[in-house]
Structures are given as C-alpha cells and as structure tokens.
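J.: Okay, here's what each chain looks like letter by letter:
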Amino acid sequence: MEITMLYYLIPSLIMFCCGVYGFITRRNMIAILISLELMLNSVDINFAVFNRFLFPGELEGMFFTLFAIGIAAAETALAIAIIINVFRVSEKIDVRDVNKMKF
Amino acid sequence: MEPVIPIIILALPLTMFLVLGLFGHKMSHPLAGVLGTAGMGVTMVLAYITAFTYFFSGNPEFIDADAHTRLQSIIFNVDWLAFTDSLVLRLGFLLDPISALLLVVITTISFMVHLYSNGYMRDHHGVWEKGFQRFYAFLSLFSFSMLGLVVATNIFQMYIFWELVGASSYLLIGFYYTKPSAVSASKKAFIVTRFADLGFLLGILVLSAYTGTFNFTDFTSTEVAEGVYRVSEGTAEGIRAMIQNSAAPMFMGASVLTWALVLIFMGGMGKSAMMPLHIWLPDAMEGPTPVSALIHAATMVVAGVYLVARLFPLYLMEEAALNIIVVVGALTALYAAMVACTQIDIKRVLAFSTISQIAFMMVSLGVARPEFHHGLGYMASMFHLFTHAMFKALLFLCAGALIHAIGSNDYTAMHGLRKHMPITHITFLIGCLAIAGIIPFAGFFSKDEILTATMGHSMLWYVWMSLVAGLTAFYMFRLYYLIFWWKEHKVPEGHHAPHDQPWTMTLPLVILAVVSCFAGFVPFGNLVTWNGEEMFDSVSFFTNFKALDWSVASISLAVAVVAILIATAMYKKENPLPAKMKNALPALWRWCHHRFYWDELYMFITHKIIFGCISKPIAWFDRHIVDGTMDGIAYVVQRSSYAIRSLQSGNIQRYVWVYLIGALLLGAVTAICLM
Amino acid sequence: MFSNILIYFVIIPLLMLAGFALCRNDKQIRAVAVIGSTILIAMSVWLLVDYLALRQAGETAEMLFTGSWEWFGPLNICLAVGVDGVSIAMILLSSIIVFAGSFASWKIDDARHFFMWLLLLSTGVFGFFISIDLFTMFMFYEVALIPMYLLIGVWGTGRKEYSAMKLTLMLMGGSAFLMLSLIGIYYHSAPEGGQLTWNILEIAKNDAISQGWQYFLFPMCFVGFGVLGAMFPFHTWSPDGHACAPTAVSMLHAGVLMKLGGYGCFRVAMYLMPQAANDLAWIFLILTGISVVYGAFSACVQTDLKYINAYSSVSHCGMVLFAILMINTTAMTGAIMQMLSHGLMTALFFALIGMIYGRTHTRDIRLMGGLMKIMPFLGVGYVIAGMASLGLPGLSGFVAEMTIFVGSFEAGMKDFLAGAGSLRLVFTVIACASIVITAVYILRVVGKLLFGPVQDEHHLQLTDATWWERLSVITLVVSVAAIGCFPNFFESLIKFTFSPELFRAIGL
Amino acid sequence: MESVGSIIVYVVIALALVVCSVLAVTTRKILRAATYLLFSLFATAALYFKLDYEFLGAVQIAVYAGGIVVLFVFSILLTSHPGDNSAKLASKKRLYGLAGGLAMLIVAGYSLISRASFLTATASGDNPVMEEIGMKLMGSGHGEYLLPFEAISVLLLACIIGGVVIARKR
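Protein sequences appear in the order of chains R, S, D and P.
All residue numbers for the first sequence refer to the working numbering, where the first residue is 1 and numbers rise by one.
All residue numbers for the second sequence refer to the working numbering, where the first residue is 104 and numbers rise by one.
All residue numbers for the third sequence refer to the working numbering, where the first residue is 779 and numbers rise by one.
All residue numbers for the fourth sequence refer to the working numbering, where the first residue is 1287 and numbers rise by one.
Keep in mind that the hints were calculated from the coordinates and are not lab data.
Any given hint could be a false lead.
[Stated by the list, open to error] Now the stretches of chain P that chain R is said to cover, found in silico as 3 or more residues with beta-carbon under 8 Å: (1) 1304–1310; (2) 1314–1323; (3) 1344–1353; (4) 1386–1397; (5) 1407–1421.
C-beta: ideal position from N, C-alpha, C; glycine also.
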C-alpha cells in the first residue's frame, strides 16, 4: 500500500473539524484557544504535506509552517495574557461573560 | 449753473446727520440744537438762492425766453450703479419748476421745525428731552433724503430717497421708543409704505424693462442743449410707440404702460396716504409734533403728489391711470374729511385733514389736461402743495404749542384757551382760515384753482370736491372752537396756567402765519406749469386775484362761509347741538369715529390672515413636515442600524457559525458545480 | 509655488493654527488671531488692488494669478489656483468676517482649540475660493465643513449635539451628491479622448460635457451646493445649526460658509454646464423662489432671535441662487453682490445676537424689550443691520436686491416676450414681494427687542458693548455701508467675470 | 510501495492525532484537554519527522509542545481550581456543534476524496539540510525569507511587550 497525500490530509481534516467543533461548543476561553491551536496545527500539516508531495524541491511550505508556528506562539501568548487579565477583573473565563466591551 | 451750491444743499444735511449722529451724544444739548438749526438755515439760504436763480435769472439753461418756457436742467449726474449699459442708476440734481418749488418748501418748513424744536423738545423747566441730539440727527437725515428725492434725475434715484425718507420717518415716528404706541405706529408706517413701495418698485421695473431707461428726462422731455431738457408730449409719444410696438403691450386687459403707471401710483398712494393705504398716517402722529409738521404734513406725504407730477406727461398718455388717480383722490378726500369731523385728538384731526388736502392735490393732478387752461390742474396741485405745506405746518406747530402747554393731545383737556395763549390763538385762526379757503388767505387761491380745474373736467367731481371743501371748513372750525372757545379753561389747583411759548417756538408760528396770509398771491401760473410754459404775459401782486374765475370762487367762498357758520353755531359755546347730531346719525357717527374700521380690517388681514393663516402654518410646516422628513430619514437609518446591530454581536462563536455555514455552502456549491 | 500670492491665503491660516498650538495663554492667542486676521485683510485688499491694476492694464484672461501644481499625477489632480472678480469679492468677505469673528469671540472658553478649529475652517474657505481645480475645491469644501461639527458640538448652546449632527449630516449628504457630480464631470471632461482634467477653466474652455450628461450632472451639482446655500427643502439644518452655534461660528457659517453654496453653484454648476442650467433652471427657480418667500414668512413668527435670522438667511440665500438661475449678467452680478451683502450683514446680526445673548442669557424676544435704552451701541448696530437686511439704500442690501430685481425682471421679460413662459417673471414678482415681508419681520424684532418698555428689570444692570465688541461691529457696519454707498466699484469688479463667451452656449 | 513498518508508524501517528484531537475537544476537564492537545501536537511533530522535515518537527516540539502548552497549563492553573469541570454542554448545543463539524468533515472529505486522483502523489525529496534552511532564512532573494523573519521577530517583540503590558499588575 502506498501512503499517498490523501492519507495525510484526512487526519488533518479530522483535526480541523475537531477544532471547529470545539471552538463552537466550548465556553471556556482557554478551551476555545486550544481548539484554535488544533485548527492552526491542521493547517500547518497541510502546508508541510503539500510541500513534500507536490513540490519536493522547494521549501516554501515548510517555511510557511515555520512562520505559522512562530506567529501562533505569539498569538497564544498574547491571548493568554488577555485571558488572565480578564480573569483578574471578572474572576471568570467564560466567553459569555466577556461582553463589557461590546458596542 | 455751477454744481457747487446744489452739492452743498445735499451734502450739508447729510454731514449734519453724520456729525450729530456719531458725535451728538458727546455734545451739549444747546450746541446740537444750534448746529442742526444753523446747518438747516444755511441749506435754506442756498436753496433760496438756487430757486431764485432758477426762476428769475433768465439764464438760458433755465428758461427759453422766446417761448416763455421754463426748462429742466440737470446740474450734475453721477453714475452710482450700472445695472446694464443703458439702465444706469445715477445720483443727480434735476432743477425744474417743481423741484425748485419743493426745495423752497422743504428747506423752509424744515428750518422752521428745526428752530421750533429747540423750544419744543424741552419741558417747562428747561429740561431737555432725552435723545435731543438724536432727534436733530434724524431731522437732518430726513431733510437730506427729502431733498434728494425732489431733485432726483431718474426714477430709481427717487426710489432710493423714497426709501430713505421712509426710514427716517420710521425713526422719527418711533422717536419716543419706550412708548409702545409709538413703536407700533412707526412699524405700521414703515410696513404700509413698504407695501406701497413694492408697487412702486414693480412699476419702475416694468417701465424700465420696456423703455430701457430710468431717466425722467427720457420719459417726459426732449433735450434742447447739453443737460437741458424741455418737457413735451413728443418724447412721451415716442415711449408710447415703443411700448405699443413691443410684443406684449397688453397684460390682463390693460396696456403695460397703464400697469406701470398704476403700480407707480401705488407707491405714491402709500407715501401720500391715499385710501386704502392711508392708515399709517393718523398713527404716525405718535411722533413728536414738529416731526408731524415737517414730515407728515408738509413734505414727505406730498411725495406721492410730486411723483405723479414728475411723471405727469407719461400719465397724460394713459387716461385710465389718471381716472384712477381722480377716483382714489376723491374718495380719500371725502372719507378723510368725514372722519376728521369726529376725532377727539387734535393731531389726528389735522392728520385726516392732511390726507384730505393731499387728496385734493391728487384729484387736481388727475383732472389736469393740457387743453384746459394750459393744464390748470397741474399748476393748481403744485400751488396747493405749496400753500398747504405752509398753513398745515403752521397748524401742526400750533397744535404742538398747545400740546406742549397742556400736556395732552385731547381737545377735551383744552377748551377756551384763547386768553391764555393769544399768539397761538391768532396763528391757529389764520391757519384755519387759510385751509377753509377764505379770501385772501393762501388756501383760498390754490383751492379755488383746483375746483376750477375740476369743474373743467367733470361736474360730478366738482360738486363732490366742493362738498369736501365745505366739510374741511367745518371740521377745522370745529377744532378751532373746541380748543379756544366752548367753555372757559379751568386751571387745576397747583398748576400754573398755560401760556405762550418761548421765542424759538413763537417765531416759526408767526413767520408761517404771515406766509399763509400772503402765499396765495404768488403768481404760480408763471412759475410752475406742467410743461414750463408761462401762463401770464405779465405778473403783478394781484395776478392771481385778477385771474380768479368768480363763478367758481364765489360758490366755494359761500360754501366755506356757510360751513364756518354752522361750526360756529354748534361749537362756539357749550351747547347740546353736537350731541343731538351725534344721536341723529348714530351709525354714521360711529363709522366715522372708528375711521370706517380700516384699522380693524388691516389688523384682521395682517394678524389673522398673514400671521395666522400663512406664517404660522408655514413655520409649522417647516418644523414638522420639512424638518420632520429630515429627522425621519435620520430616525429610519438609526432604527435600521439598531435592527442590524445584533448581527455584529461580538460573540465570536456565532461568527464561527456564520463562517462555517458560509464555508459549507461555498463548498457545497463548488462540489455541485464540479459534479 | 510660493511666488503666487493666492497660496498664502491657505498658508497664513495654517501658520496661525501652528501659532495657536504654541501659545501659552489667552492673551497670546488673541494676539495671534488679531495679527493673522489683519494680515489676511491686508492681503485681500492687496490682492484686490493688484487685480484691478492688472485689469486696468488690459489683462483679459478669465482668471488671474493662476498657477497649477500637480498633486496626484494618475488622476491629474492639481493644486490649481486662480481668481477673478467674484473670487476676490468672496475672499475679501471671508477675511473681513474672520477679522470680525476673532473680535466677537474674544472671551470664549478654551480659546486655543476654538480658534484652531475656526482657523481650520477658514483655511477651507479660503482654499475653496482660490481653487480652480474641482478636486482641490471639493477637498477644501470638506475641510471647511468638518470643523463646524466640533465647533457647534463643543462650544454651542442648547441642543448642540443634535444640531451639530444634523448640520453635518445634511451637508455631508449634499456633498455626496456633489462628489458624484464632480467625478462625473471629471470623466466627461475630455470627450475626444484627451487628458481628463479637473481644471474648471479647461473644462469650460472646451465646453466639454455633453448635453445628455449635463442633464444628469447639473441637478446633482446644484443640489449638492444648494444644500449649503440653504435651498428649500434642504435648509432645515440652518435654523437649528445657527441657533446652537457660538457667535463667531454663526458669523462665519452664515457669512461665509453659506456663500460656498452660492459660489459653487455659480462656479461649477452654471459655469461648466450652462445648457443644462438653462433648460433645468425652472425646477430650481421654483425651489429657490419658494425659499425666498417661505423663509421670510417663517421668520415672521419665530421668537428666537437666531431662528429669525436663520430663516431670513434662508430667504436671502434663496435670493442668491434665484438670481444665479436667471442666467442674466445683471442678475448674476446681483447674486454675487447679495452674497457679499448678506455675508456681511448676517455676520453683523449674529455678532450682535451673540453679544446680546451673552448679556441677557436669553434669545427669546418675548422676554426682552427696551434694550436700546440699556445698550445703545448694540441697539443701534442692530437697527443698522436690520435696515441693511430690509434693503435701505446706502446699505448693502438695497444695492444687491435691486440689481437682482432689475436683472431678473429683464430676464423674465425676455422670456415672456420670447413666448418662453412667464415663470421667471412671476417668480421675480414673488421675490420682490419679499421686501415687504422682510420689513415685517425685521421691524417686529427691532420693535420687540430694542424698543418699548424694559421687560425684565434685571436687564437694567447690563452693560453696553466692550471695545472688542465695538470693533467687531464697527468693522462690519463700515463694510456694509461701503458696499451700499459705492456699489459701482463692486459691481464693476464682479461684472467682468460674466464675459459673454462664458455662456456662449446658451447665447447669454 | 511502503514498508510495513512505515505503514504501522503512519497508522499509529494518524490514530494518535485523530484520537487526541477528538478527546481534546470533548473532555470536560480543561487540564486534560491541554494534555490531549500536547499529545496531538507531538503526533503532528511525529508526522513532520515522518515527512522528513526534521527541523520542523523539532521546532514543533520545542515551540508548540514545549512553549505553548506550558503557557496553557500555567494559565489553566492560574484561572481554575483543581477538579473544576466545565459545565455540561446542553445537548442541543453539542448536537449543533457536532452537526456543524460533521458537515464540514463530510463536505471537505468528499471534495478530497473526489479529487483522489490528484492526491495520489507520493512523497519524495530529502530532508532539507540545516545549512540550506539557515541560508534561506537569512537571504533576501527569491524564495528567501529575511523580511518575514525580521517581521516575525518584531511581532514577537511586540507580543512580549504587549504581554507584559496586559498582564502587569496595576
């Protein structure tokens, strides 16, 4: 059996759908962030896979993934800082409670 | 003629106005008074010089000695505002018989009033009226405007000064500005005359749009030399041809020229207080009495007459316009005379008498035709303008003296003053005799000539006007007796008796009384005629006397005497006759007393119709409908924003849902399309 | 670029702005305001003299002092400047009003920011009047509009937020139309496929815009500017806006900003699209004719001084647009005169109202009376302003109105005789009637406010004008009287603009 | 043809990836969710190794698994008490979420599988050498990434400052 591109994409897709599900259903902001990471990760996989299978001579996909990881790290750090800050103010990290800044 | 003197005549009052208006409040009262009076005195002397030069110098600029015809001479004419190449508004100085006459009248009366006001605007203890300097400033402004009006070389210049006299009249009527009645009277005067001026303006526009000119000389005269014109119907015929040849000579059944002339006459009706635009004049008596004498008796109110006289050759072309003038004038004359019989306020009696007398002048102009005694009506009208200015100013100044002494306008507070104020008594009597038309006082000659001219035109109007003349004699003597006779004057405890006034007030009375006695002998027929032609070959002191048509004169004299006798019977001593008469004709008396309810009618129109039915609904419409629409648009936008605001809830999970559904749909669509 | 005098009309206000930012106290701010506005007046007089000298020397170009500097190449947007008699008259007007306005707001709160916004507004105004590039013109137009929002919203009185919002939104709505039409003009400025241009002179010279497009663009352009010119039914921002604005802003707004509307209608709508103007004039004649009478009647029953004046502005500005639409040299000259005259006298009115309001703290005429006795200087000023407004000869209103009436009547008569309907004639007569109504409302106010007995005895303690207020009032009164006494000077200044070639398309 | 070992490795990695992802979003204990995330990140790293992207795999472990998850754990410990369960989801909400996720899965999966022919490419190429990666990161020519590298360093700096500012005690 040949492990083609499809075999890599399917798990990545499932991972992404898990991320979507979690993002929609979770209320805990950290859990939402975790779902977000899942989605990001699945996209990263896709980049690497496409690079490896379709353009093996190039490194664009890999670099994209590399930068995505860097940005994801930054984004997460900031998001967590915000979440902790929110928690400090409202003692809750339920996404429904954070609506003071709406409108 | 060198333009220096005419320029000074105009500039001096203006300068006085500016000086007194800007710096008056820093001057002492006597200084302001003396300055104003002296300025006016100089102006008067210069005006006399000008008029004398015009009439008697024999200069070819002014008179065509061969044809015995006086000419119109433009002394100077400065471009002020060029609307188009041909329609140029100029400020100039036109010297011709009527402007020379009016120069004399205006400066004389104005000087008398300036002099008189020095005494009048001060109470018995010598305390100056507040705003005394302002008063003199306004008087100077008025004199300037009125002089500018009469010397206008074109109809638009006349309109300019016409507006200016209106404004100065407004300021002077409202001189006692803390008095609500004075304020509303001044407002009324301005607005009513403004309304009339609208007609004047439209008339000017129509006339100028057709003829392409504003100049009086283009309307009425032909040029005989540089700046010198001769009044003739020929030019007027040219204008008529121009109008008739244009594409739309008719408008709503009347010719354009008729429209223009009637509209212009409407302006004259406003200023000259012809019915139905007369209502402002009785109220204008709220102003200080010298002002009434100057503006509302002698000068400004005759501006309408002057306007018609100025355009007389044009009016001659339109019989219809002249007929309208006659009818309006005759109705006004009778109306005002009837009302004057029932008024209590002496100034109002005089005001209605003024209206009536101006109507005489109007009628006289309206009946004037060149074929009848060289346009006798025109001459008579100007003559009456002159004499009336003198004796009416006299009467007003006397009334002022009475009011000054008594402190009331009401004759019921006066009665039997003849012993206390002898000079006023005599001068007032002279004025009454003059206006009643008793020989040899001034009014007799001018009124007699008006009646002669009227008879030459139509018997109906002759009888009508004679009746009015009788009424005039009656109400004037009613006033005279009620003031000076009726019953003895009782001085209330603690008051000192009324007495004659200081010399500043007495002198003008005496001068005017003397003039009223002798003004009738001025040979007007040789000085002022419609086309400048002299009527008599030679003149002497008795020219007018000799020229009398005794068939008319005797009748009018008889009417006057009978009217005076009736007045004597009714009012000399306290008796029940007036009350009986009042009870005999209650309706008539009531209508006359309430001035035929014209004021109420106007009040109804202005307050109920214009304010209530036009302005208020418009304001409401503006606030609620127009602005409401704008607010409504804003409201709808705001509401819809609120409605779609919940889409932008800030709930990120909902965004994901929307995103997800969108992505799914997109995917599904792509899939289906690719299938 | 800096050798052109016109540029300095924009630069000086900007320098003043910078100056305000550096000032440390109110005294310095006032000094900057006074020096700057004096320089502006001096420069506009200098410009006037220069212009007349050039004309005297036989210069016949439509615009003088022209200059053009590219700003954004791909769209051919330039900073193009140039003036003719009309612009110079407007520049003169603006500088006088800025001068008087500076004195009228001598004691305003938070002077620094107030003057900064005010000067930004003036920058826009001056920029608008010197521009002959449509885009730049529009930009300056917007620069002039926006500060109004803050000036009213922050320094105003009464329902200021509402009014500021309404004013800004309505004017923005107008400028949306305007922008559409300007872009339309741009894209049709070169029918034969040449370089598209925003330059008014080039467009006018080529007679570029095709007739069909004119019919589409002219109404938008006219309405766009007409909103600012308070054309019925787009005038309702004006009463509220003026009522709530602080004194100097009212002055500048009614005095200058509303003139932007009239000037724009003339300079852009009529100048570039004369055929459509001629054919569609009847629509706007009806609207503006209504404005004239409607504004006057509305003013008759108002009780707030500023409302009265705002409605009277509607009436007078309606007269401006009305006269422009007559497409007749005399009437158009009158329209520009009326802009000058209305600008000055309405600024005078608003200055006086502001001063009276600052003392009595009410603008309701029913609560005041007999003020002439208490504050004679302001009273006399008010009477003069009123007299100018109702068209007393010797003051500016008369000259302007009469020129308009004579011109309109001529145009109407021409139409009538040519069998082209009597609309112009009828509306001229109606507009003439406004002189009576004007007299009614002016005298009503003067009578109630200044004359009669004193209504409120607290008013007896009030003081008359201070020296800076006197200076402001005297400046305006002298200007009003100057126009009224020497109209020929101004008429000939303006008239040259209306060269027959301009409207050759319709055979003016 | 792949070796059996390779297939087994693939199956293990794929299973770990899928299962851990599913558990990470379904567990009610937040700390466990973080742990499952860690595992799925490890699985991803393994996938990179499998694809011969060793440097990428190393970065994934170092940054993601090592850095980010630690952040997560710290924040969880800071914001929740041990033994806290997240509230049980309303069945309706879970159903909707499930439906959405599944629909996504189906549509995307369908479009993947329907393109199966296109996706039959096999892996080829070598593990990029570190030197090449380094040169590419530091180069500024075509296909080189100095600018993004610098940009991300600025971003990280901004992020550090932002984090400090936001989280700092007032």
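J.: Look at each hint and say if it fits the structure.
T.: So, going through the hints one by one against the coordinates:
1. 1304–1310: n = 4 at 8 Å, threshold three: holds.
2. 1314–1323: Contact hint for the region 1314–1323 of chain P vs chain R: holds, 4 residues under 8 Å.
3. 1344–1353: This one holds; 5 residues, not fewer than the three required, reach chain R with a Cβ under 8 Å.
4. 1386–1397: Per the Cβ count (7), the hint holds.
5. 1407–1421: Check passed, 8 qualifying residues.
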